[in-house]
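Visitor: Read off the chains here:
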Amino acid sequence: EAGVTQSPTHLIKTRGQQATLRCSPISGHTSVYWYQQALGLGLQFLLWYDEGEERNRGNFPPRFSGRQFPNYSSELNVNALELEDSALYLCASSFEGARTEAFFGQGTRLTVV
Amino acid sequence: GENVEQHPSTLSVQEGDSAVIKCTYSDSASNYFPWYKQELGKGPQLIIDIRSNVGEKKDQRIAVTLNKTAKHFSLHITETQPEDSAVYFCAAFAGSGNTGKLIFGQGTTLQVKP
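First to last, the protein sequences are chains A and B.
If you read the first sequence in my numbering, its first letter stands for residue 6, the second for the next number, and so on.
If you read the second sequence in my numbering, its first letter stands for residue 1450, the second for the next number, and so on.
Keep in mind that the hints were calculated from the coordinates and are not lab data.
This structure is a prediction, so every number in the text was calculated from the model and none was measured.
Just so it is clear, CB atoms sit at the ideal spot from N, CA and C, and this is done for glycine as well.
Where hints are given, some of them may not hold.
Said to hold, decoys possible - Incomplete in silico selection of chain B near chain A, CB under 7 Å:
{"hint": "1", "residue": "GLY1492"}
{"hint": "2", "residue": "LYS1550"}
{"hint": "3", "residue": "PHE1553"}
{"hint": "4", "residue": "GLN1555"}
Claimed, not checked - Pulled from the structure, derived: some chain A residues nowhere near chain B, Cβ distances all over 10 Å:
{"hint": "5", "residue": "PRO13"}
{"hint": "6", "residue": "LEU16"}
{"hint": "7", "residue": "ILE17"}
{"hint": "8", "residue": "HIS34"}
{"hint": "9", "residue": "ASN76"}
{"hint": "10", "residue": "GLU89"}
{"hint": "11", "residue": "THR116"}
Isolated chain B, as found in the complex (with noise of 0.2 Å):
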């Protein structure tokens, strides 16, 4: 079935250094990818997304890269800051236009040392 798979599990960066996470998916008809940051006690809340028919994306210091071949997209956080510490979760829509659905990967838990 459509599965989305991410890592690492867990991440601790120093503050200012980046961060990358990865994911890969499975089903091959998927052509939307979006990452959520989830802080304790919150809900997920969007940060960024791609759509297959580009290769990257950037808004200020995140950007998603993507590679359709291999099936794989991830999310870089440069310059990271401590209130970047949260648990991200990256998705991606699988199925048809009136039947899809966004598969979750399992989430990251970045933590950034002051």
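Chain A with its partners taken away, still in its complex shape (with noise of 0.2 Å):
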């Protein structure tokens, strides 16, 4: 069974550009959520899709959004890029919910140039 994929790998933007990040969830799992990590640091919670719907979001500017579409994949849109969105922006998927295994993607490389 494919784990959760996510795309591209490695994605180098200049400061202003919008990025576009994609990713797949294992199948049958209908929450995704999307985690910035900075070099050196922690996770942070960026947003939680589920059936479609945002559930949350965490403490980032409204420039960072995404959708869920019918599939469940998701895609993380990130507007009017700055340098410190520089990042690997890392995608997981669950069952049902944070409350249930969540099992991560490899990750997308965010480089702003």
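Bring the two chains, given one by one in their own frames, into a single complex with the hints.
Guide: Encoded structure:
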């Protein structure tokens, strides 16, 4: 069974541009979470989608947004990129909400230059 | 707000020794506590989890203990091996069922010396 897959693996953008990151959850999982992991730091919660709806978001500005599609895959969009947005963006999925086991993908390394 | 504190930030042990990582959480309503292992260049991997209705859970060389009164939970790794070297994260589910989220500790870098 395939795990959580994220694309692209690496992404290089210029300050001010927009970035789109994609995530495909494990088959059967309806919840998708996005986390930001800046270098040397822990995982900061970004967004949680379940059944196509945004359930919760972390303390990030509105230029961080996303959506979940009917097949439960998800996109994370970051507008007006800033240098400090450079980080590993991790997606995780679970069967039913955050109280159940969440499995992570390999992440997308976003570099803003 | 919700917070998870993790200690120590780095831990170095000799192969065969035990390693203990401790976490405290702030939301007394938290009831799910997973632990993740992250190797270099990879995403975090779930290694063990515990729910608030039990005090201890073991899986081979790994065990987790939970003290709900003190809001503490710990990861114990026995007979450590070099391949246990990684960054370990604790987490706690905070908030209500439909809007809650997993809050992570800052991570512990474990080095197991051969």
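Visitor: Quick one, is the B:PHE1553 hint okay against chain A at 7 Å, beta carbons?
Guide: B:PHE1553 check passes; min Cβ-Cβ to chain A is 4 Å, inside 7 Å.
Visitor: Beyond 10 Å from every chain B Cβ: check whether that's true for A:GLU89.
Guide: holds, 18 Å
Visitor: Beyond 10 Å from chain B, beta-carbon-wise, is A:ASN76?
Guide: The assertion about A:ASN76 holds, with a minimum of 21 Å to chain B.
Visitor: How about B:GLN1555: closest beta carbon in chain A under 7 Å, or not?
Guide: holds, 4 Å
Visitor: Go through the hint on B:GLY1492 and say holds or violated, using the shortest Cβ distance to chain A against 7 Å.
Guide: holds, 4 Å
Visitor: Close enough to count: is the Cβ of B:LYS1550 nearer than 7 Å to one in chain A?
Guide: Cβ of B:LYS1550 sits 5 Å from chain A, so the hint holds.
Visitor: So A:LEU16 supposedly isn't at the interface. Is its beta-carbon more than 10 Å from every beta-carbon in chain B?
Guide: Given that every Cβ of chain B is farther than 10 Å from that of A:LEU16, nearest at about 16 Å, it holds.
Visitor: Is the nearest CB of chain B more than 10 Å from the CB of A:THR116?
Guide: holds, 15 Å
Visitor: Confirm or reject: A:PRO13 is not an interface residue toward chain B, with every Cβ-Cβ distance exceeding 10 Å.
Guide: Non-interface label on A:PRO13 holds, nearest chain B Cβ at 15 Å vs cutoff 10 Å.
Visitor: Using Cβ atoms and 10 Å as the threshold, tell me whether A:ILE17 really stays out of contact range of chain B.
Guide: holds, 17 Å
Visitor: Regarding the assertion that A:HIS34 does not contact chain B, is the least Cβ-Cβ distance greater than 10 Å?
Guide: holds, 13 Å
Every hint from the earlier list agrees with this structure, and none is contradicted.
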